[in-house]
Amino acid sequence: MKAMVLCAGLGTRLRPFTERWPKPALPFLGQPLLRYHLSVLKRAGVTAVGINTHHLGETMRAVAESECARAGLPLKVVHEEVLQGTGGGIRGLRHFLADDDFIVFNGDTLFPVELAPVVAAHRAAGAAATMVLLPLPAGEKYSAVELDAEQRVQRVAGKGPGGEGLTPWHFSGVHVMSPRVFEFMSPSGAEDIVHDVYLRMMAAGHAVHGAPVQAYWSDLGTPRRYLATQLQVLSGVASLDAFGADSPFLDLAPSGARVFTRPGAEPGHARVVGPAFLDQGVQLAHSARVGPGVSLGARVRVGEGAQIRRSAVFEDTEIAPEEELEDVLAWGAHRISAAR
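Counting from 1046, one number per residue, gives the positions in the sequence shown under the working numbering.
What the hints contain is simulated information worked out from the structure, not anything from laboratory work. Note that the coordinates shown come from a computational prediction; the quantities given were computed from them, not determined experimentally. Any given hint could be a false lead.
[Said to hold, decoys possible] Simulated pairs of lysine to aspartate or glutamate, EDC-like, Cα-Cα distance not exceeding 20 Å:
(1) Lys1204 x Glu1236
(2) Lys1204 x Asp1193
(3) Lys1121 x Asp1146
(4) Lys1186 x Asp1264
(5) Lys1121 x Glu1110
(6) Lys1186 x Asp1237
(7) Lys1121 x Asp1144
(8) Lys1087 x Asp1146
(9) Lys1087 x Asp1144
(10) Lys1087 x Glu1159
(11) Lys1204 x Asp1146
(12) Lys1087 x Glu1110
(13) Lys1121 x Asp1145
(14) Lys1087 x Asp1145
(15) Lys1204 x Glu1159
(16) Lys1121 x Glu1103
(17) Lys1087 x Asp1286
Hey, can you work out the whole structure from these sequences and the hints?
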């Protein structure tokens, strides 16, 4: 079975960090997001992966090549000079994907889900496509996917055949598709797989199913959501154990209140309050104060008297003496508030 990870987005809500990393390449607890996606896909039986690129295409290709080599998965890359949307992006890999059912995975989420049962249900139902669904998140404004009693999608964001007694769900950004989807795509131009292609399929009588699952899910597309996810993972509210050997905590025994320190980090006598994560090469000055809710990327240096709380500091960043960070993402000279 093959899969595609959508990697062509611009990441505008995370600029300027996405001027350095495309979103699926963005570090999360010392690892590119793509590593987590590949872990899920490989566990589901995927044997080859395709991606589309646009923004920072060469950077995305290099990260994907490295991560796929690490995972032992062959890689196919298609570059989009002009963004084609999710539908057009999938269409660009038609010759790679169209020989069997395949999985499509959104590149900017953290989602340690077990997909093998979803694939089995999709095939048993003979569905043209299956959308992996979750309960609607409280306090968030996501459009609902509405299912009937037979788990068929009847409305998406208020559009579709409709009906009585429908149940609303949240779409995770992960699908299982049959090659039939390509018959309903435009020959060229940008389009959305859900709001354009799926609606055409449903109008023609093809079944798009929903597969509700129970798993942790988070969209890391804004500074607020990124830091909220980091805190949930560091504190143990969200477990990454399902990633197995791809967990950032593999072989790391926490000290104190969930302080994870990679080999080569040098916390010295600085005060570190968990939960916190210190990547390799981190150096903390004696009077620095770090935590709670902090991740320090590889080779981060924290000066005397600096204080960092509920923040993520990306690789090779220097925190100046007496500098205070709270609820921010930091990289180089950039400091982005989670309130943005």
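Hints and how they fare:
For the hint linking lysine 1204 to glutamate 1236, the alpha-carbon distance of about 16 Å falls within 20 Å, and the restraint holds. Simply put, lysine 1204 and aspartate 1193 have alpha-carbon atoms about 14 Å apart, close enough for the 20 Å limit, and the pair holds. In summary, the hint linking lysine 1121 to aspartate 1146 is supported, as the alpha carbons are separated by about 17 Å, within the 20 Å threshold. The straight-line distance between the Cα atoms of lysine 1186 and aspartate 1264 is roughly 12 Å, inside the 20 Å bound, and the hint therefore holds.
Distance restraint check for lysine 1121 and glutamate 1110: the Cα-Cα separation of roughly 9 Å lies within the 20 Å cut-off, and the hinted pair is therefore satisfied. A C-alpha spacing of about 19 Å is found between lysine 1186 and aspartate 1237, which places the hinted pair at or below 20 Å, so the restraint holds. Taking the CA atoms of lysine 1121 and aspartate 1144, the gap is near 15 Å; set against the 20 Å cutoff, the hint holds. Distance hint between lysine 1087 and aspartate 1146 is fulfilled; the C-alpha atoms sit about 15 Å from each other, no more than 20 Å.
Straight-line distance between C-alpha atoms of lysine 1087 and aspartate 1144 comes to about 18 Å, which keeps the hinted pair within the 20 Å bound. Distance hint between lysine 1087 and glutamate 1159 is fulfilled; the C-alpha atoms sit about 10 Å from each other, no more than 20 Å. With a C-alpha separation of about 26 Å, the suggested pairing of lysine 1204 with aspartate 1146 is violated against the 20 Å cut-off. About 15 Å separates the Cα atoms of lysine 1087 and glutamate 1110, which keeps this hinted pair within 20 Å; it holds.
The straight-line distance between the Cα atoms of lysine 1121 and aspartate 1145 is roughly 16 Å, inside the 20 Å bound, and the hint therefore holds. Simply put, lysine 1087 and aspartate 1145 have alpha-carbon atoms about 16 Å apart, close enough for the 20 Å limit, and the pair holds. Distance restraint check for lysine 1204 and glutamate 1159: the Cα-Cα separation of roughly 29 Å exceeds the 20 Å cut-off, and the hinted pair is therefore not satisfied. This hinted pair checks out: lysine 1121 and glutamate 1103 have alpha carbons roughly 14 Å apart, not beyond 20 Å.
For a cut-off of 20 Å, the pair hint linking lysine 1087 to aspartate 1286 stands: about 15 Å separates their Cα positions.
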